[in-house]
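Peer 1: The lines below spell out each chain.
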Amino acid sequence: MKYIDEFQDPELARRLLDDIHSTVTRPWALMEVCGGQTHTIIRHGIDQLLPEQVELIHGPGCPVCVTPLEVIDKALEIASRPEVIFCSFGDMLRVPGTGRDLFQVRSEGGDVRVVYSPLDALRIARQNPDREVVFFGIGFETTAPPNAMTVHQARRLGIPNFSLLVSHVRVPPAIEAIMSAPNCRVQAFLAAGHVCSVMGVGEYPELAERFRVPIVVTGFEPLDILEGVRRTVLQLERGEHTVDNAYARAVRPEGNPAAQAMLEDVFEVTDRAWRGIGVIPDSGWRLSPKYRDHDAEYRFSVDGIQTREPAECRSGEVLQGMLKPHECEAFGTVCTPRTPLGATMVSSEGACAAYYLYRRLDITTAAREASPVV
Amino acid sequence: MCLAVPGRVLDIEERDGTRMATVDFGGVVKEVCLEYLPDLQVGEYAIVHVGFALQRLDEESAKQTLELFAQLGMLQEEFGDPWEQAAEAGGATPPVGDAVIEEVRK
Ligand code: SF4
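The listed protein sequences correspond, in order, to chains A and B. With this note's numbering, letter number 173 in the first sequence gets 1450, and the count goes up by one each step, no holes. With this note's numbering, letter number 64 in the second sequence gets 125, and the count goes up by one each step, no holes.
Treat the hints as calculated values from the structure; they're not laboratory data. All C-beta atoms, glycine included, are put in the ideal place defined by N, C-alpha and C. One should not assume that every hint holds.
Among chain A residues calculated to face chain B with C-beta under 10 angstroms, some are [to be verified]: (1) L1396; (2) D1397; (3) H1429; (4) L1434; (5) N1438; (6) S1474; (7) G1555.
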């Protein structure tokens, strides 16, 4: 157990691990939904510390990874226009569209700017009334409320040159889609803690009941993950399937009602395509008709875009937990963080990047040896 | 981007009809919108995501998380220069003269 000394509280980590080891009697497959959790797991080698019977399957919870190629291409096209200042979070700069990324658009002369908060983009719009300022609104239930508030403020303060290119996604329909897939192996979920800080846990009991899966709300620090796994395994061994909150210090059952109310006002639920996975019904948000003035898709006509995914990228299977990153032929050979084929290798929360970063040596070597081309 | 970071409220003021705070994230200071946690007070801790306070956090957990993030270099990832990070990952030179982050910080 060479990793355990790196835990914040190694003693507690050892106790949790002992508890998990003595509870498990059979194989179980748990999915961690959030990409931040995937990174913690790989970074700290948590998967290697757990009993062999406990398998952690990485879920689709990386907003950068699941943003559909078509939306990235729309962003690239809008960002290339001379009248536009295109604002984005830094994570999106190197996500490949068809043929290029935002980083390249900027080097070709596009006015692409990185902001920390959507409110920064609104401020830029205010300072540049003669330009069109577009903010790239991606992300799960944690990022959607800030973006909703920003559109609301643009309306309230009368800032007409601000618009949002929206591609928000929701976790519960993704869980439903994963559980409904015919080859699904997932038996329990570690739900994403910060999503629940906003949305509460109200959407989960129905899913837990319908699919008979334990859902344990889990944080993303190493000890949080161990505690989430411990509680999940306990339920599985007992044949229970309830919703449990292992991240109570940051998640109230009701979530953040003010944020939920704003989401309901500014957005409406829509079907959304997930990159590599396809359309999941009701799994996204778009701006509701009353905010159409601030919808970049209406303001700039960017329809009819032809997208092209690299054929060898298997990120869709990675995102659904059907394939581990290093099982992809391109992993570590043609696909690396410097030359990413898929968004899961670009994003700091992507599963492929996590494997590459923290197990660079053993896995890339293994991948090279296994690969006939090298 | 999806990660939320705990921070401590240094001061609060009303700006353009919006409740805003200055928040300290282990040494990095940022503007944060309090509209979703309107009763947060100076000295309290909250989980902040892309410039919005989303949920209160007790002081001890907040400090532990911040310490862990600092150790793991995650504060740098969250608040460092994104152009440099993207360029480094891609093996390219970052575009020069990106004053935007500075501009909006003011
Ligand atoms: S390793 Fe690269 S090519 Fe393979 S699934 Fe991951 S991102 Fe796609």
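Peer 1: A separate judgement is required for each hint: does it hold in the structure or not?
Peer 2: Against the structure, the hints come out as follows:
1. L1396: holds (5 angstroms)
2. D1397: holds (4 angstroms)
3. H1429: holds (9 angstroms)
4. L1434: holds (6 angstroms)
5. N1438: violated (16 angstroms)
6. S1474: Cβ of S1474 of chain A sits 4 angstroms from chain B, so the hint holds.
7. G1555: G1555 of chain A check fails; min Cβ-Cβ to chain B is 22 angstroms, beyond 10 angstroms.
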